[in-house]
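> Sequence:
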Amino acid sequence: MSKLYELLEKIKQRPGMYLGTASITSLRMFLVGYQFARREMRLENQESESDFYKNFQPWLQQKFDVKTVNSWDKIILLYSVDEKEAFTYFFQLLDEFLKRDKTLEVDKSDTVHLPAVKA
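Residues in the sequence shown are numbered consecutively from 1, following our numbering.
Don't read these hints as lab results, they were simulated from the structure. Do not rely on the hints blindly, as some may be mistaken.
[Stated by the list, open to error] List of simulated lysine-lysine pairs, BS3-like, C-alpha gap at most 27 angstroms:
hint : residue 1 : residue 2
1    : K74       : K3
2    : K74       : K99
3    : K74       : K10
4    : K54       : K99
5    : K54       : K3
6    : K54       : K67
7    : K99       : K63
8    : K3        : K99
9    : K99       : K12
10   : K3        : K67
11   : K54       : K84
12   : K102      : K67
13   : K102      : K63
14   : K84       : K67
15   : K54       : K74
16   : K12       : K102
17   : K54       : K12
18   : K74       : K84
19   : K99       : K84
20   : K67       : K99
21   : K10       : K84
22   : K10       : K54
23   : K10       : K67
24   : K10       : K63
25   : K102      : K54
26   : K99       : K10
27   : K102      : K74
28   : K3        : K84
29   : K12       : K74
30   : K84       : K63
31   : K102      : K10
32   : K84       : K12
33   : K74       : K63
34   : K102      : K3
The structure presented is a predicted model; accordingly, all values stated were derived computationally and were not measured.
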């Protein structure tokens, strides 16, 4: 298991110790800080961590059929009553994300871009 997912499991069990309160917004800010600190220390992400950072947001947008510039925490909050419920919902969604069928995902690097045709 990756360090990120180990950390998320610890946060899930004891959110007050890591975030102060069970809050989706606090969780996202914590993860932004965690990612920043790893970059500053020149620690490379493991493949599973890169998968989360690159694919969780697009997966969530596809799941809820939303197109937005808002971050994943705001999307989850939109479908929750409050910060605490959104925090709990995040872990349900994360579990679903980790169990998803990756063979169904479109690799954008394989997409063919055709030149625009002038009318």
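> Determine for every hint whether it applies to the structure shown.
Outcome of the hint check:
no. : hint          : in the structure
1   : K74 with K3   : holds, 24 angstroms
2   : K74 with K99  : holds, 22 angstroms
3   : K74 with K10  : holds, 22 angstroms
4   : K54 with K99  : holds, 16 angstroms
5   : K54 with K3   : holds, 16 angstroms
6   : K54 with K67  : holds, 16 angstroms
7   : K99 with K63  : holds, 14 angstroms
8   : K3 with K99   : holds, 18 angstroms
9   : K99 with K12  : holds, 18 angstroms
10  : K3 with K67   : violated, 30 angstroms
11  : K54 with K84  : holds, 25 angstroms
12  : K102 with K67 : holds, 21 angstroms
13  : K102 with K63 : holds, 14 angstroms
14  : K84 with K67  : holds, 24 angstroms
15  : K54 with K74  : holds, 17 angstroms
16  : K12 with K102 : holds, 25 angstroms
17  : K54 with K12  : holds, 22 angstroms
18  : K74 with K84  : holds, 13 angstroms
19  : K99 with K84  : holds, 24 angstroms
20  : K67 with K99  : holds, 23 angstroms
21  : K10 with K84  : holds, 16 angstroms
22  : K10 with K54  : holds, 22 angstroms
23  : K10 with K67  : violated, 31 angstroms
24  : K10 with K63  : holds, 26 angstroms
25  : K102 with K54 : holds, 13 angstroms
26  : K99 with K10  : holds, 20 angstroms
27  : K102 with K74 : holds, 24 angstroms
28  : K3 with K84   : holds, 24 angstroms
29  : K12 with K74  : holds, 18 angstroms
30  : K84 with K63  : holds, 21 angstroms
31  : K102 with K10 : holds, 26 angstroms
32  : K84 with K12  : holds, 11 angstroms
33  : K74 with K63  : holds, 14 angstroms
34  : K102 with K3  : holds, 21 angstroms
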